[in-house]
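Asker: These protein sequences, in sequence, are chains A and B.
Here the working numbering is used: the first residue of the first sequence is 12, the next is one more, and so on.
Here the working numbering is used: the first residue of the second sequence is 5, the next is one more, and so on.
No wet-lab data here; the hints were simulated from the structure.
A couple of the hints might just be wrong.
[Said to hold, decoys possible] Here are the computed distance ranges between Cβ atoms for each label pair:
id : chain 1 : residue 1 : chain 2 : residue 2 : range
1  : B       : G143      : A       : R263      : 47 to 57 Å
2  : A       : E168      : B       : E214      : 36 to 46 Å
3  : A       : T187      : B       : I179      : 55 to 65 Å
4  : A       : R134      : B       : E167      : 37 to 47 Å
5  : B       : R235      : A       : R50       : 31 to 41 Å
6  : A       : M185      : B       : K28       : 53 to 63 Å
7  : A       : F358      : B       : K70       : 53 to 63 Å
8  : B       : D159      : A       : A254      : 45 to 55 Å
[Stated by the list, open to error] From the structure, some residues in chain B lie toward chain A, with a derived Cβ separation under 7 Å:
id : residue
9  : G40
10 : L51
11 : Y210
12 : F211
[To be verified] Now the stretches of chain A that chain B is said to cover, found in silico as 3 or more residues with beta-carbon under 8 Å:
id : region
13 : 31–39
14 : 52–66
Just so it is clear, CB atoms sit at the ideal spot from N, CA and C, and this is done for glycine as well.
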Amino acid sequence: MLDAAVAFGRVLRGAGLSVGPDRVMEFARALEELDAGRREDVYWAGKVTLTSRPEDGETYDRAFEIFWERGGEYRQRPVPKMRFRIPSPKDSVLPAKKTVRPDREGDQEAVTLRYSPIEVLRRKDFSEYTPEEFEELDGLLSELRVGGALRRTRRLEPARRGLYDARRTMRGAMRTGGEAVRHRFRRARSEPRRVVVLCDVSGSMSPYSRALLRFLHAGVISGLPFEAFSLGTRLTRLTRELATRDPDVALRRAADAMEDFSGGTRLGDAMKEFVDRWGQRGMARGAIVVILSDGWDRGEVDVLAEQMSRIHRLAYHVIWVNPLKARPGYRPLAAGMAAALPYVDTFLSGNNFDSLHRLARAIAEAAGHHR
Amino acid sequence: MSSGANGRRGALPPGVTNAVELQKKLREHDYLADEGLSTAIYLTLRLGRPLFLEGEAGVGKTEVAKVLSRILDTPLIRLQCYEGIDVYQAVYEWDYARQLLHIRATEALGGDRENLERDLYSREFLISRPLLQALEHEGENPPVLLIDEVDRSDDEFEAFLLEILSDFSVTIPEIGTIRAERPPIVVLTSNRTREVHDALKRRCLYFYIEHPGFEREVEIVRVRVPEAEERLARQVAAAVGRMRQMDLYKPPGVAETIDWTRALVALGARELDERLVEATLGSVLKYHEDQQRASSAGLATLVAGGMGA
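Kindly produce the complete structure, drawing on both the sequences and the hints.
Answerer: Pasting the structure below:
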């Protein structure tokens with residue numbers, strides 16, 4: 012039985028499941044508890060010991076059928092057929108040599124990609140992407156961690172003032188014979204700030220919209236307090252639509268929700284709606300507000316300026332990302348952009364993959380400022 | 005072996021010797037588990053491994069721990085996870101107020117200041133939180149420890165759980181290592197709001213609870229809301245099944261199916277009609293947008309058929 016368990020484990024590993032020897036042992040022990048001659052028992056014993064995610068289920072089922080019901084030809088072809096499926100349809104371009112190096116603090120996650128075509132893609136302007144390259148970009152963007160960097164725990168740490176730290180006070184008191192001479196305090200370590208991203212989806216932004224929406228998705232599923240909106244002729248909250256892990260499903264839902272995709276822009280009005288309905292009530296308070304837009308506004312520029320000033324007063328930090336900024340000789344001449352700039356703390360380009368990385372870093376750094 | 009599970013544990017309920025019997029037992033206590041889940045629970049009891057349950061909200065994950073504690077006639081100790089939860093909230097904390105009083109009393113009585121520290125950090129001043137309670141539980145049977153919504157906690161806490169769940173022991177610097185004589189039966193649940201670390205999952209048996217199929221859901225409704233007539237139960241289960249196909253923000257779980265049926269029964273419903281659906285929609289769909297979506301798809305379509313496939 013152990014031999015069979017080991018062999019089956021090998022099949023599953025070949026199929027992409029992470030099945031270590033410890034799990035295989037567990038499987039063998041589970042079989043001892045059950046009726047190893049009964050198909051259902053073997054099936055469930057394997058399922059609960061050898062899989063650990065719902066996505067594993069399908070792979071497991073196929074491997075089970077091949078191995079246990081067709082006589083265990085596990086050295087044969089079936090294995091490569093059961094390639095582990097990655098949501099992006101073009102998983103073949105995912106860089107093979109990818110090293111994820113978590114920073115010591117555990118809050119900086121640098122992704123290094125070594126793969127020459129990918130290198131080119133990273134710096135290429137989104138507007139020059141071919142449709143094929145966009146599909147490859149999906150793979151790249153799935154590696155992007157929005158503010159994985161941001162993640163701070165809520166644990167308490169010693170501080171000069173804050174909450175009374177009875178534990179340490181008591182400890183100190185022991186040294187003075189039970190007299191609490193020095194009172195100790197602690198306070199919460201910095202929490203992640205809420206990030207609110209308003210993404211312009213008007214026609215002029217369309218070469219960038221797809222990539223930027225992927226960025227929004229990465230943010231929403233990052234586990235941070237993250238809110239996503241689209242700005243066009245109107246405002247649409249996308250947070251819930253994007254909250255699905257599968258990027259394809261998320262983007263489809265987001266697209267369904269936006270009635271104004273690739274339409275006109277009334278930046279000021281849409282922003283007013285944001286501030287009235289959400290920002291003022293708390294969403295923008297103390298948050299990092301990111302606006303992804305080229306600043307072309309067909310509405311009243313005064314409205315935009317007024318709303319930007321409101322946002323600036325509410326928010327902790329305002330980042331404006333303009334894909335056009337990367338163009339040689341760019342100057343913020345679009346009326347909307349010029350009106351907004353006085354209220355912007357950080358002005359970035361957002362035209363390629365590298366610049367999205369910089370944006371992720373800027374968000375992380377803004378979040379850390381107050382420490 | 006790292007499992008610390010030597011030989012058989014035999015924490016099975018009386019009269020249960022295999023997974024099928026366990027399934028029956030669960031049923032007697034109004035929990036309808038399919039063969040997969042009852043096998044998973046059976047193995048959990050036999051192998052002494054924690055059981056990691058994932059699934060949408062409302063599919064009955066927490067319920068598993070509750071019913072286990074009932075059939076084993078043993079206490080349920082629950083640890084609700086949240087972001088920032090730490091050792092002091094999960095395992096133990098010192099009772100500072102009492103420690104301070106003790107210091108004062110020692111002084112007032114001119115007592116033994118030499119040994120003050122030893123006294124202060126003794127068992128007497130230790131407050132047990134759920135994990136320590138579970139490790140220290142004394143009784144006929146080990147308790148059921150429910151670590152609920154572990155996906156809400158953070159990485160540090162996960163790493164810490166890893167340690168506790170491999171050894172079933174915890175070290176308190178001032179006191180020493182406390183080891184469970186009889187490891188608790190552990191059920192972890194996750195709504196999958198984020199991915200829990202593989203290392204933690206690897207310590208556990210894993211089961212993903214799906215929404216039940218039509219017939220099972222009818223059965224669940226019949227068991228949990230016995231007042232509901234068969235016909236109504238079938239219509240409700242069918243309607244909920246259709247809702248789950250609708251691409252909602254929050255597709256209804258079994259919990260919502262039961263809530264809904266109860267609401268319908270409370271209104272004296274004997275079978276579903278459009279008017280009743282409209283009146284009770286809030287007990288099954290909890291987002292305004294979802295209700296709108298269901299309405300625009302036509303509430304009548306939810307009622308149509310009714311006897312299921």
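Asker: So which of those numbered hints doesn't the model satisfy?
Answerer: Of the numbered hints, 3 and 8 do not hold.
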